[in-house]
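K.L.:
Given chain A's structure and the hints, the job is docking chain B onto it.
For reference, the chains in residue letters:
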Amino acid sequence: MSRKPYVREVPKTTWYFRQGRYMRYMGREVTCIFVGAYALFLLVAIKRLSEGRAAYEAFLEGLSSPAGILFQVVTLIFVLYHATSWFNLTPKAMPVQRGEQFLPGGVIVGAHYAGWVVVSLVVLFLAGVF
Amino acid sequence: MAKSNKPIVWGLFAAGGTLTAFFLPALIVLTLLAALGYVPDLLAYENMRAFAEHWFGKLVLFVIVSLSLWHAAHRLRITLHDFGFRSDTLIASAVYLVAALGTIAAIVYLLRI
Numbered sequence: 001m002s003r004k005p006y007v008r009e010v011p012k013t014t015w016y017f018r019q020g021r022y023m024r025y026m027g028r029e030v031t032c033i034f035v036g037a038y039a040l041f042l043l044v045a046i047k048r049l050s051e052g053r054a055a056y057e058a059f060l061e062g063l064s065s066p067a068g069i070l071f072q073v074v075t076l077i078f079v080l081y082h083a084t085s086w087f088n089l090t091p092k093a094m095p096v097q098r099g100e101q102f103l104p105g106g107v108i109v110g111a112h113y114a115g116w117v118v119v120s121l122v123v124l125f126l127a128g129v130f
Numbered sequence: 001m002a003k004s005n006k007p008i009v010w011g012l013f014a015a016g017g018t019l020t021a022f023f024l025p026a027l028i029v030l031t032l033l034a035a036l037g038y039v040p041d042l043l044a045y046e047n048m049r050a051f052a053e054h055w056f057g058k059l060v061l062f063v064i065v066s067l068s069l070w071h072a073a074h075r076l077r078i079t080l081h082d083f084g085f086r087s088d089t090l091i092a093s094a095v096y097l098v099a100a101l102g103t104i105a106a107i108v109y110l111l112r113i
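Respectively, the protein sequence lines represent chains A and B. For the first sequence, position 49 (counting from the first letter as 1) is numbered 49 according to the working numbering, and the numbering increases by one without interruption. For the second sequence, position 85 (counting from the first letter as 1) is numbered 85 according to the working numbering, and the numbering increases by one without interruption.
Simulated from the structure, these hints should not be mistaken for laboratory data. The C-beta atom is built at its ideal place from N, Cα and C for all residues, glycine as well. No false leads were slipped in.
Calculated lysine to aspartate or glutamate pairs in the EDC-like style (CA-CA distance at most 20 angstroms, straight line):
{"#": "1", "chain 1": "B", "residue 1": "Lys58", "chain 2": "B", "residue 2": "Glu46"}
{"#": "2", "chain 1": "B", "residue 1": "Lys58", "chain 2": "A", "residue 2": "Glu51"}
{"#": "3", "chain 1": "A", "residue 1": "Lys47", "chain 2": "B", "residue 2": "Glu46"}
A few chain B positions that, by computed beta-carbon distances, are all more than 12 angstroms from chain A:
{"#": "4", "residue": "Ser4"}
{"#": "5", "residue": "Asn5"}
{"#": "6", "residue": "Lys6"}
{"#": "7", "residue": "Pro7"}
{"#": "8", "residue": "Ile8"}
{"#": "9", "residue": "Trp55"}
{"#": "10", "residue": "Thr89"}
{"#": "11", "residue": "Leu90"}
{"#": "12", "residue": "Ala92"}
{"#": "13", "residue": "Ser93"}
Chain A with its partners taken away, still in its complex shape:
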């Protein structure tokens, strides 16, 4: 056994600045803050809806403040990053085996993107956007 083992210095709070892929990993992980914030936003919307017309319509009007618009735009950007990074990882998370071969990762990712487009269009259509 070596008397003086080599221990590589890893700064606990700033390690991810060292490499681009660490930054992309952290970028992916912090999307959860925006997913959580949007869930709480939806929770408040449901509370206002339960309180009646005046409360709900005041809530809708409150959205159009500069801070409200900024919240929606920033949340959309981070949630889009969450969605694309989540779909890009699907071949690793659930590889599909056909006989001896594995289905190419691109097929699994592509199927998820296609499903995402369909789901998004259906939601926008049902909500009356077009």
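P.N.:
Using the frame of chain A, we list chain B on its own:
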């Protein structure tokens, strides 16, 4: 073998991650349109109220809110560790408590509609 709650929270994390990836971008587009003054038909009071009065609408809203919260809670726990916060027991209790309270609040508010 030691018992662990990992499969439960990881299951909720994965289910929430998939659900939010598919649905949240479109939902945020809807609320962004409302913020910009083009309120989509569904978000008008009468339509949203009718949607949430139906049991299926309640179920949709409940699943979206609660799974988003559990997904965010679990990932935030791991992310705080990566940022150098190492008091995992405290952090885990805090984030899962918020997710549990949010889940209960969603049920209470939806049942009032």
